[in-house]
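Chains as they are written, first to last, in our numbering: chain Y, 46 to 445; chain H, 46 to 445; chain S, 46 to 445; chain Z, 46 to 445.
No lab work stands behind these hints: they were computed from the structure.
Just to be clear, a hint being listed does not mean it is correct.
Copies of one chain are not kept apart here, so a pair can be met inside one copy or by any two copies together.
Here are the computed lysine-lysine pairs in the DSS-like style, where the Cα-Cα straight-line distance is at most 27 angstroms [to be verified]:
{"#": "1", "residue 1": "Lys204", "residue 2": "Lys272"}
{"#": "2", "residue 1": "Lys71", "residue 2": "Lys87"}
{"#": "3", "residue 1": "Lys71", "residue 2": "Lys58"}
{"#": "4", "residue 1": "Lys67", "residue 2": "Lys56"}
{"#": "5", "residue 1": "Lys109", "residue 2": "Lys56"}
{"#": "6", "residue 1": "Lys58", "residue 2": "Lys87"}
{"#": "7", "residue 1": "Lys204", "residue 2": "Lys271"}
{"#": "8", "residue 1": "Lys57", "residue 2": "Lys436"}
{"#": "9", "residue 1": "Lys71", "residue 2": "Lys271"}
4 protein chains.
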Amino acid sequence: MSEMLSGGTVKKKLRVGMIGYKFMGKAHSHAYRDLPFYFDTKVEPVMQAIAGRNQEGVQAAAEKMGWASYETDWRRLIERDDIDLIDIVTPNNTHAEIVIAAANAGKHILCEKPLAMNVEEAGRMLEAVNKAGVVHMICHNYRFAPAVRYAKQLIDSGKLGHIYHFRARYLQDWIMDPNFPLVWRMRKDVCGSGTHGDLMAHSIDLARYLVGEISEVAGMMDTFIKKRPLGEMSGGLNAEIHGDQMGDVDVDDAVAFLGRFDNGAFGVFEATRFGKGNRNTNQFEINGSKGSVRWDMQSMNELELYLEDDEQGNQGFRTITCTEGIHPYAGAYWPAGHIIGYEHTFINLLHELTNGIAENRSPSPNFEDGYRNQLVLEAVETSSVNKSWVKIPTTTILTP
Amino acid sequence: MSEMLSGGTVKKKLRVGMIGYKFMGKAHSHAYRDLPFYFDTKVEPVMQAIAGRNQEGVQAAAEKMGWASYETDWRRLIERDDIDLIDIVTPNNTHAEIVIAAANAGKHILCEKPLAMNVEEAGRMLEAVNKAGVVHMICHNYRFAPAVRYAKQLIDSGKLGHIYHFRARYLQDWIMDPNFPLVWRMRKDVCGSGTHGDLMAHSIDLARYLVGEISEVAGMMDTFIKKRPLGEMSGGLNAEIHGDQMGDVDVDDAVAFLGRFDNGAFGVFEATRFGKGNRNTNQFEINGSKGSVRWDMQSMNELELYLEDDEQGNQGFRTITCTEGIHPYAGAYWPAGHIIGYEHTFINLLHELTNGIAENRSPSPNFEDGYRNQLVLEAVETSSVNKSWVKIPTTTILTP
Amino acid sequence: MSEMLSGGTVKKKLRVGMIGYKFMGKAHSHAYRDLPFYFDTKVEPVMQAIAGRNQEGVQAAAEKMGWASYETDWRRLIERDDIDLIDIVTPNNTHAEIVIAAANAGKHILCEKPLAMNVEEAGRMLEAVNKAGVVHMICHNYRFAPAVRYAKQLIDSGKLGHIYHFRARYLQDWIMDPNFPLVWRMRKDVCGSGTHGDLMAHSIDLARYLVGEISEVAGMMDTFIKKRPLGEMSGGLNAEIHGDQMGDVDVDDAVAFLGRFDNGAFGVFEATRFGKGNRNTNQFEINGSKGSVRWDMQSMNELELYLEDDEQGNQGFRTITCTEGIHPYAGAYWPAGHIIGYEHTFINLLHELTNGIAENRSPSPNFEDGYRNQLVLEAVETSSVNKSWVKIPTTTILTP
Amino acid sequence: MSEMLSGGTVKKKLRVGMIGYKFMGKAHSHAYRDLPFYFDTKVEPVMQAIAGRNQEGVQAAAEKMGWASYETDWRRLIERDDIDLIDIVTPNNTHAEIVIAAANAGKHILCEKPLAMNVEEAGRMLEAVNKAGVVHMICHNYRFAPAVRYAKQLIDSGKLGHIYHFRARYLQDWIMDPNFPLVWRMRKDVCGSGTHGDLMAHSIDLARYLVGEISEVAGMMDTFIKKRPLGEMSGGLNAEIHGDQMGDVDVDDAVAFLGRFDNGAFGVFEATRFGKGNRNTNQFEINGSKGSVRWDMQSMNELELYLEDDEQGNQGFRTITCTEGIHPYAGAYWPAGHIIGYEHTFINLLHELTNGIAENRSPSPNFEDGYRNQLVLEAVETSSVNKSWVKIPTTTILTP
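Okay, chain Y solo, but in the shape it has when bound (with noise of 0.2 angstroms):
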């Protein structure tokens, strides 16, 4: 007997549009296209539109990547009633104007980090979204891989005792060559901070997720290289330079920060973009009372543990491949041992999203994280401006 398949689930649709398709637009269409068939969630994603200044540019995009239409104004996007959920992949710069369109539109935001160009603005597109009552997460991806989930349920069941400990290192080296041009990713205008934004804020994430609040912080930040030639602003990885002309660069290279959590742990913090040989080394570790936990992001299916309870003699850090039935999503995927990459951490994200979506909540994290995560980073600018330690503000008039 041959059958065509009717499509004949009555599972809700989740009709999503998305704004902006370069690197995330890649990494997010990608997940929406594999999500349904990894994890049975409660709505199904349905890859609707995207929308983008250039049409030959969004065109291109939204049929390689399988958009069913596209729109060369955001704000067309939002206005069409066959769209749900927003996902915003656009520049820093532009988070805040969409966000609170789309929220006034009633729509369900998913926005790129870091959330806004400064806490005043983060706090204007929280309020946004809480007064819309539409969920909202911020796509914070790596708390999604398999062995950082399960490092949060290892600390949360007491298995690592009082933490005492949090350091984190991310280290790139894109943009070491002095003759690399000044890209986008290197204008205050456009992105707010440089590798603070784009790394750090990770980080911060993790931190947050992992140990809690950070309540005082003192940090540094500097831009090695001040000079760039000009090129192609909206260039990645080999962008290209145009004629001769030089232009300043306004944004961190490196930042780091001490900073003191709720609970009393030490936090250390390093991002940059300066870390020869580095491509994308996204690390921490975590010390408590009676374990401790590593995890670096090239290495992302392992989590290193050390447990005090081991019987002595046999103590030591051991690497769990989270690729078993019992790490978190791991099930969805392969059998043991065989490893999943960069792109599932978004697959996971978005299987919490549309879960929130069906349930009406907003997953973590969300804009409440996104704001936090906004006050840390504005603190961390602050006193590496002052020279001195700056307090991490712990409550807000913002959350409803």
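Could you slot chains H, S and Z onto chain Y? The hints should help.
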């Protein structure tokens, strides 16, 4: 301007019919799904139909994995003229019949490994596809990890010099519990062999790919647990026991062999399902006169490379994360340092297959490789029984 | 022919007197014992005498470790004219008095780290040795691991280019049990500080050695467990509790600081005794414009090196086992690939010291380094109290 | 009070005479020198005399390494009645004659590995020491790495359950250059075999120690470079070529074999001097029904341990740094986390030997082990020539 995409690409379609839908069915299905997202293939795969005996099961699988239709009899699938490629992911004892039928029907064929139950079968299969002039591949997916592909480039370029040593280990541990039931992978009538065809076939393929043909082998094979409870025959890792009857395990739990390559290199091979703690350790190391490489599937993005031309004092194995544009396939995915996983080996393989079909050639590894692999498998079995060295025939009448 | 060796070498003797004989006493004693076996030093160390207050203890130590005689008053040792070099391995609060007395007596001096209780003391000590014209060294032994020494050569040769980043961690976990007694290493009057002077001083020394002077710091220090049972004051890892009285811990359990080097490089430093699972993790990573190095004392023979000049595609951190003839000190020991351990760092240091004495110069790290290290230690302490950045004085009147 | 130590210990002396003084002579000499420093042995080694044919060489060695006297004829050394222990570090072709002479003279004996040129010789040597009733050991030093010793304890305690697999690799690369001269280690008349007796003998010893006797083997051996320039016969890594004559290499460059242990376990063994980039890679992995261990001499302080009893989700290989008081021998050295090196394996071995002599017993590995090792070595050679499996005799008439 809002535009619906009319799907107006003129790319030729490749209509796929897959027979079987379990673990490998999932891996293949996913790969068809993702292939056009990542690669600009010469033909566009269409997930036309899958076949399976159990209607409920095959229907659910079709829906879940995105196949447009299903059949409950694989012969019906082969008869359909809206199918261009037959993809076989069923147990080994069905490969020959299906392949020959598909070839006779003029379908291109992708077949899971090992190709056949024995050399004789493999020979007939190779003959059939050659006679039919269809495109054929065997699914040795590990060749398609970027790091393995890059190792091949290094060897071919002469960077490692004359190869003296190939050593491989493929270690799993999922059936070590004596109470684990006698599933199909432990039945000779279904699989032909146990660990040998399941794991060792992969190591042999990597050896042939990277170093060349093996001329002679001496092997040992054994079954450590000779009786097991009967249970869920079709089961995988979580198979359940049914009742309290026991059955004979008539395939190998572990196998090891020594081999000599045509070029004189030593080969040392070991595969087992009794490697406690090794969920899926699939490693090799190659030593040449000028350099060496090491690889482990569990950190599949990384290639360890030693080059004697490195400056004295600076010599050592370096860890290359094969995620840069220059590394095979890597450009299709994410920026440098963002890793991919197990499933991507299948996507890369399909990229080669679809291009091969577009150009009417059978990319490696094809049935010739499957046949030669089977020669080695069988020689090791003979050697193990006879406790002697066994030569591998170097010529075959089967190639047209 | 059988021949007794008459010991007829005409090499000048260096008669050593050591004050103290616990952990560091063992490490130093062993190094004197092994030095002539491995190296052809310019003077020959003679283990003349050790001093300690407890007669039974010092006598047993002398016998066990191979010292020819002992004293129960260190002043007597300094008075002896059959002593050329005073080696000080006593707690920090005794260093200044002993050093000044030894210098006044015209003895060469090797002093354990940290040099002093504070900058003022360190200044007086440096003044004393300079005035006396004796040879002096401070025992920062980690500089003398072949891999660290080799890293220095790479940096000096320009292979790593301009240095942008130095990051170090020194993590231990031996006092995390709240019931571990308040031993001498947790008393400010004995040590001056806790983790800071014990562990961080080493990281500061490595930083200064490899990258250069630090101009400015912002630090935090804290004591996680503020009261501990009283017990075996002189104890190490296995110290026992005596009775049920509690005492105040008045030194830091953990310390972290940000620093800027004179050349603009970022320094991120952390040291703790609360790094569960880290028995003695002493790591650094340095990123330069052309390359990077990483090192960890727990695999001290290995240096990880990244060079951007490596061929594209082949770039990655390589692991150099620094046991080849070309690596510093390695030729004195075993063939390539045969590793050495902790104790060899002391032998290598003594090799430098004895040669320095033969040539009447004070090899690095000497008291000038100890003094500058103390400047950094004190600046971090001040910074931690004041919650501000503190500049390190760059000039000193103390050098003659 | 100043006191000269009168050396008044009443510990019984063990007067050592060593024959040979090159690489192994250095390792042994150092171990005698350091033994009393670290261990409280039952007898005290005295470095009485060494023997060597070249007067200048042996005298210099004696002075450098701390031996009290020397002989230019080893027979003279054996005749001396101020010698209790004969330590043999000469090439293999001299072992039998020296051992038998020393046994007949009533000396205790430590002999370098492999014990003999062949089984017949080894049998006579074992017979001689048994008849003489002297204490004997063979210098398989790797057994005495704390991590290996600890692995043995784990296996003996049943922690790993029934052992299914032992796999070992011993890879070096020092003779890969075809222009490297034909040194003594490549001459059959001097060594009996090449890589086989030099490296594989160690792996066999570890296998026998950790898993038990091997009952049957199938091996292959080959010489990759069959002619080499003549040169500095006695040379090591830096041997020089003399003139332009070539000689035949009549020993194996590489060897591999499959083995079955008495308990049914699989053994896979490989040793080579053509493992480019592997300076001294000496590894094994053991898989049991309940756990596994992995070890590599290049990080010899670490043992990787997998235990299936670990909580689900937390399972993985842990890295134990075997430097804690609970680990064998580790208490004699440094605090936890402070590693030891190659030379300490010899010190630990001598600790066992001296205690054995004090108690008039021959600790493992003794000549019985050396003999059984030789049975395996010879079986592999026979197997390689005959291209067949060869059984290892399980009983011997030689034990008294």
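Here is what the structure says about each hint:
1. Taking the shortest alpha-carbon separations for Lys204 and Lys272, only the inter-copy value of 24 angstroms comes in at or below 27 angstroms, while the best intra-copy value is 49 angstroms.
2. Taking the shortest alpha-carbon separations for Lys71 and Lys87, both the intra-copy value of 23 angstroms and the inter-copy value of 21 angstroms come in at or below 27 angstroms.
3. Taking CA atoms no more than 27 angstroms apart as the test, Lys71 paired with Lys58 passes in both settings, with 21 angstroms inside one copy and 24 angstroms between copies.
4. Taking identical chains as interchangeable, the C-alpha atoms of Lys67 and Lys56 lie at most 27 angstroms apart only when they sit on different chains, with a minimum of 24 angstroms there against 30 angstroms within one chain.
5. For the identical chains of this complex, Lys109 and Lys56 are neighbours both inside a copy (26 angstroms) and across copies (12 angstroms), given an alpha-carbon limit of 27 angstroms.
6. In this homomeric assembly, Lys58 and Lys87 come within 27 angstroms of each other (Cα to Cα) only inside a single copy, at 9 angstroms, whereas the closest approach across copies is 32 angstroms.
7. Taking CA atoms no more than 27 angstroms apart as the test, Lys204 paired with Lys271 passes between copies only; the shortest distance there is 23 angstroms, against 46 angstroms inside one copy.
8. Taking the shortest Cα distances, Lys57 and Lys436 never come within 27 angstroms of each other, neither inside one copy (45 angstroms) nor across copies (62 angstroms).
9. In this homomeric assembly, Lys71 and Lys271 never come within 27 angstroms of each other (Cα to Cα): the closest approach is 31 angstroms inside a single copy and 51 angstroms across copies.
In summary, the numbered hints that this structure violates are 8 and 9.
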